[in-house]
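Engineer: The residues making up each chain are set out below.
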Amino acid sequence: MRGAKRRGVGVGVHGNADVGEDASEAQVRLHPDGSAFVISCQSEHGTGQSGNVLKMAAEVLQISLDKVTLSPADSLFTPYEFGPAGSRGTYAIGSAVIAAAEDARRQLLELLAPRFHVAADELDTEDGVVFVKEDPERRLPWRAIGLDRTVTGYGRFEPDHTLSNCLMSFVELEVDTNTGRVELLRVVNATDVGRIIDPLSLEGQLNGCLGSAGIDGALWEETVLDSGTGRILNCNLLDYKWRTTRDLPIIENVVLETPVASHRFGALGVGRSALLRARRRCSWQLQMHWGSGCVTIPSPRRESWGRCTGRGPRWAAKRDAEFPLRGSHVRSRGCGVARYAGREGGCAGRGHRSAGYSQGSSACRLSRGGSGSEGHYRAGLY
Amino acid sequence: MGLKAITGLDYIRKESGGLAIGTLTRLSTVAAHPLIREGYPLLAQAAQAVGSPQLRAMGTVGGNLCQEPRCWYYRSPGNHFFCRRKGGGVCFALGGDNRFGSIFGATIGRLQEEAGHKAEDVVQGGDEGHFVQGCVAVSTSDLATAVVALGAWIKTNVRLIPADDFFVGAAMGSTVLRPGEVVEELRLPPPLPDSVQTYQKFRIRDAIDFAIVSAASLLRVEGDRVVEAGLVLGSVAPLPRRAKEVEAFLKNQPVTAELAQEAGALAVRDAKPRGGSEYKVQITAELVRRAVLGCVPHKRKRWEEVRGG
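Residue numbers (our numbering), protein chains in the order written: chain E, 1 to 382; chain U, 383 to 691.
Source of the hints: derived by calculation from the structure; they are not laboratory data. Do not take every clue at face value.
What the hints assert, rightly or not - Only pairs whose alpha carbons sit at most 16 Å apart, straight line, appear in this in silico EDC-like list of lysine to aspartate or glutamate:
no.: 1; chain 1: U; residue 1: Lys-396; chain 2: U; residue 2: Glu-420
no.: 2; chain 1: E; residue 1: Lys-55; chain 2: E; residue 2: Glu-44
no.: 3; chain 1: E; residue 1: Lys-241; chain 2: U; residue 2: Asp-591
no.: 4; chain 1: E; residue 1: Lys-241; chain 2: U; residue 2: Glu-604
no.: 5; chain 1: U; residue 1: Lys-633; chain 2: U; residue 2: Glu-604
no.: 6; chain 1: E; residue 1: Lys-67; chain 2: E; residue 2: Glu-126
The following block holds chain E by itself, in its conformation from the complex:
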């Protein structure tokens, strides 16, 4: 180890059982022209989730995606929706929409069964046409329900904390010990999502959550309060440091698909796993190598800059006494378990942040049943 720069690799694991938090309701309305309308109060917040529920509805109803549309998100006329948060969109909202679509489909088949003189379970529907499974030549379009009729299905998702997601991140970083500057070289995320509903938005979540939300929360973000007046000093995106696209490291994502007992598509959500732990592991490694008390490396806020001169903890304590206000984030001090301000989703389009929301221990005692192909994931946390 010569020279001023040090490299380290850290790994962190995070899982949370929020993927099934809170309730969601939805309705799906079928029209005689073979189209469908999903009524849900989930609002698009930049991740493309609203497109995904349309995919699920189209898949259940076996109609093409361009025949399914989504209602405006207005609780005046939509049923209850907690909203996309905590990576619950895919599982919770998806489940409600799937249940609503299945209910609509069932009602449709029951409505047309007398016309075929068969029971409803002998029927199927595809591309807006209902047919007898045993004899597909016997078929009727949805129009047969009558031009003066629609069919509306209802679905509800009950909160379910038995399911969790899990994500692992490796971070390689380099610290310049003369200036305290930290440079992220490479990030690798790995997770099992059950089933990929939309590859692009999944990649967006992984890049955005760790790459933007997680890393920035770990290294750069700080709400600076003036200790005299209590006013926020950096209420703009120049002084509040978020990574621009040009500052991102190379992020590689490894995604596995092991179907999960969530809903019929066996998918889980990803998004809340903002991984600070990887960074913390790194900082520990580097501190151990140096030996002396480096000042809270690697956060490149003011307290981390400057050479490691051995002043370490005492200096940090003095500094803390001088500047007691720290901003709105909870940061762990050198322990492997980090609590952090929860981040919803990853995309910049999302304005909502739940600052101060404590996520629960990331040292999750997570046990997966068997090979993960079925059964419960018992999350020992929360």
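With the hints as your guide, set chain U onto chain E.
Structural biologist: Coordinates of chain U only, in the frame set by chain E:
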């Protein structure tokens, strides 16, 4: 007030052995122009270091030189902090969060007319508890640091001012421009051959941020000796700070690692950081050390490769 509607002030041409650059020349033009890249790489590097590609495409030479210093108290929306720079009586950064502020003292002259010789305007920190009520906002213009190091002149519609005298340490205002006076042109002296010119900008986000500490260095080297040194530090004082003691120290010295180390320490000998800017001292010393080390021939080649011009 936006001056971009005025035509004819956007040019780069040779003049009297040096260069004349119109005030409305865009920073991206300056960064890419072959005459500047060959003759004044320091200026090209400084222009390239400004902000982001969008800002460089829109920003002008004059605008960058004359920019107001940055301080989050001064620039707080809603005018919550009526500070010295606005005509009030208090500097909030001195009792508050000054992590990006000056480590080489504060300004005391409030108005440009009150400001005397600019070197004496900037007062050192003084004892703990007796810090002079001045403005500690730093000059963050990249071009300012570079033009002072290059010994350029700034031509206004009224007079021709050496860059060394253009920037003031007054609490209100950052330049000597009087009302009705406009920068028209930046004049560069003849290019220095055999000089190692580097602009270093230490910041959090390389993609867009202002400097936390910056260093413009212009070193004339013969063999392994520094014949003449020009070293200007930015973002550490209310105006670009020429490290005179380091320049004198380096003259006619063979470049070694020890020399670089001592130069760095000398550059910050008089630093008196306050209110959270302590870390800047070490970074400043480090940047000076690297600037000097960049002169060593084998290191210089690697430096040029890394910088990529």
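Engineer: So, for every hint listed, does it hold in this structure?
Structural biologist: Here's how the hints hold up against the structure:
Between U/Lys-396 and U/Glu-420, the direct Cα distance comes to roughly 13 Å. Compliance with the 16 Å bound is thereby established for this hinted pair. A distance of roughly 15 Å separates the Cα atoms of E/Lys-55 and E/Glu-44; the hinted pair therefore holds under the 16 Å criterion. At most 16 Å may separate the alpha-carbon atoms for a hinted pair to count; E/Lys-241 and U/Asp-591 meet this at roughly 9 Å. Taken as a hint, the E/Lys-241 and U/Glu-604 pair is broken in the structure, with Cα atoms around 43 Å apart against an allowance of 16 Å.
A C-alpha spacing of about 11 Å is found between U/Lys-633 and U/Glu-604, which places the hinted pair at or below 16 Å, so the restraint holds. Proposed proximity of E/Lys-67 and E/Glu-126 is supported: the alpha carbons are some 12 Å apart, at most 16 Å.
Checked against the numbered hints above, the structure breaks only hint 4 and satisfies the rest.
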